[in-house]
Amino acid sequence: MGSNKNININLKIWRQKDAKSKGQIETYKLDNVSTASSFLEMLDQLNEQLINERKEPVAFDHDCREGICGMCSLYINGQAHGPASKVTTCQLHMRSFKDGDTIYVEPWRSKAFPVIKDLIVDRSAFDRIQQAGGFVSVNTSGRTIDANATPVPKHDADRSFEAAACIGCGACVASCKNGSAMLFVGAKVSQYALLPQGKVEATQRVLNMVRQMDEEGFGNCTNTGACEVECPKGISLENIARMNREYLFASVK
Amino acid sequence: MAKSAFLKSSIAKKYWMALTGLFLCLFLTGHLLGNLQLLSTSKDAALHFNQYALFMTTNPAVKILSYLTYISIIFHAIDGIVLTVQNRKARPVRYVMNKPGKNTIWASRNMAVLGTIILVFIVTHMVSFWARMHFDKAMPLQTISINAGGMPQEFYVTTDGGYIPKMQVDQGQIKIENRTEFYDAGANVKIKEGYKDLYKITVAFFKQPQYGLLYTILYVISMVVLGFHLYHGFGSAFQSLGANNPKYNGLIKTFGYAFAIIVPLLFAVIPVYIHFFIK
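In order, the protein sequences belong to chains E and B.
The first sequence: position 57 = 57 (our numbering), numbered continuously.
To get our numbering, take the position in the second sequence, counting from 1, and add 1000.
Keep in mind that the hints were calculated from the coordinates and are not lab data.
Bear in mind the structure is a predicted one, so any value in this text is a computation, not a measurement.
Check the hints yourself; a few may be wrong.
What the hints assert, rightly or not - Okay, the calculated bits of chain B under chain E, using three or more residues with CB under 8 Å as the criterion:
no., region
1, 1091–1097
2, 1241–1250
To be verified - In the DSSO-like style, the derived pairs of lysine-lysine whose C-alpha atoms are separated by at most 30 Å in a straight line are:
no., chain 1, residue 1, chain 2, residue 2
3, B, Lys-1102, E, Lys-233
4, E, Lys-29, E, Lys-5
5, E, Lys-154, E, Lys-17
6, E, Lys-117, E, Lys-86
7, E, Lys-233, E, Lys-12
8, E, Lys-20, B, Lys-1099
9, E, Lys-98, B, Lys-1099
10, B, Lys-1192, E, Lys-12
11, B, Lys-1089, E, Lys-177
12, B, Lys-1102, E, Lys-111
Said to hold, decoys possible - Residues of chain B clear of chain E, computed beta-carbon distances all greater than 10 Å:
no., residue
13, Ile-1011
14, Tyr-1015
15, Gly-1034
16, Leu-1047
17, Ser-1072
18, Ile-1105
19, Met-1111
20, Ala-1148
21, Gly-1149
22, Glu-1154
23, Met-1167
24, Ile-1176
25, Tyr-1215
26, Val-1224
27, Val-1269
Glycine is no exception: its CB is placed at the ideal position from the N, C-alpha and C atoms.
Can you build the whole structure from these sequences, using the hints too?
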């Protein structure tokens, strides 16, 4: 790519030894960063520099590095997954920044996502919400019914699939001024509620998942819509409305 | 069977906020339609307004609605305080660098501040008008000036459409009891009832030589704040109640924005008209 060039940047990164320590912002200068590199590759480059200087490298979450696993996070320059729209941090490239830029890198901030070290937070609260009802109970004795044997209206299947695109990264919680997890839970509730297989347990599912969400210490949704804008998978607020509906009907049943 | 925490769950708080908020939108509409009578240029404008005020303070159906309104305001405010406190706790460590303007509108992020200003406005507004209407012993009664044989004479207007000469009250033949009732002083029997002159105190409030302009400006500012509150709140209520459908979202949004602009604007026109244009 002909437009590749190298830039020099200043990084202001949250450093925190462990969950109990008090963290602070540290400043680093990083030169010769290729604009073709991803944000995580840039952090790799910084860590190499830190290791060469015999300093502790910056801890951050990452896994697939192709935008589908939901492992990477980072609040970059005041936005979840950085300034680009509908991408995870691993798919954010340094061409989004200019030579001489100062870039703030912070962990997700939420009572329910405590910092483990540096930029890594504990997102197991999402796992516990999922375990509270984000599944369909299927008999796996060997006589399972083929999923395609149950007809699903195309429109519902599409909405369900869009909700299932949620990778559980937590950007919704991180960008919400209330630290609410309703986009995540709304997507997980919707994904099943829209399908005939999921309708069987719909009532318990929404009640249990919402209860678990509240117990984890997430805030209350006030419909600011920040989550939908910052979601790397474009999960729609429609899913929160669907959860609100499901919850209302489940509560009066 | 899972139990629903219907009264205290995060989603239930949304329902309460939405239901009370939408009810208050209905109240605003009704209140506005009533208040718009203050813009009337008819010579009976004051009488019509005071008749309307009497109806609004005595009709039993209106009474039920007004109690629902008080309860809604209180619930809406308490729910808002609970939300604000809990939501602040949900993020104990704040971001060093945050750009919320990139993903949300200002009104959506500041509903608590806007709501608090509106609550202060409601309290002062009720002290200025509602409390006087209900409790003020010095509340004036509606009078009318009639030209009797070349000499203009003041009469009290009574609820049966009759008149009582002010002179008779001033001279003590008729006395006023219980703020609005006319009694024959000799026989001590109630003969007629007058109208509290809410029109007069409303006009006087915004035309006070010293503070009239200030009150008018504060009223207009409060309506701007209300407009921002509604700008987020109206559409938000539908989302909270689960009414989000691509088919109707455009309509709800447009209607909400129109409501948020038109209703506060018309409210604000009234004191401005009174202050600058009523003689």
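Against the structure, the hints come out as follows:
no.	hint	verdict
1	1091–1097	holds (count 7)
2	1241–1250	holds (count 6)
3	B/Lys-1102 - E/Lys-233	holds, 17 Å
4	E/Lys-29 - E/Lys-5	holds, 17 Å
5	E/Lys-154 - E/Lys-17	violated, 50 Å
6	E/Lys-117 - E/Lys-86	holds, 26 Å
7	E/Lys-233 - E/Lys-12	holds, 27 Å
8	E/Lys-20 - B/Lys-1099	holds, 28 Å
9	E/Lys-98 - B/Lys-1099	holds, 18 Å
10	B/Lys-1192 - E/Lys-12	violated, 80 Å
11	B/Lys-1089 - E/Lys-177	holds, 11 Å
12	B/Lys-1102 - E/Lys-111	holds, 23 Å
13	Ile-1011	violated, 5 Å
14	Tyr-1015	violated, 7 Å
15	Gly-1034	holds, 31 Å
16	Leu-1047	holds, 45 Å
17	Ser-1072	holds, 18 Å
18	Ile-1105	violated, 8 Å
19	Met-1111	violated, 6 Å
20	Ala-1148	holds, 63 Å
21	Gly-1149	holds, 67 Å
22	Glu-1154	holds, 55 Å
23	Met-1167	holds, 61 Å
24	Ile-1176	holds, 51 Å
25	Tyr-1215	holds, 32 Å
26	Val-1224	holds, 20 Å
27	Val-1269	holds, 30 Å
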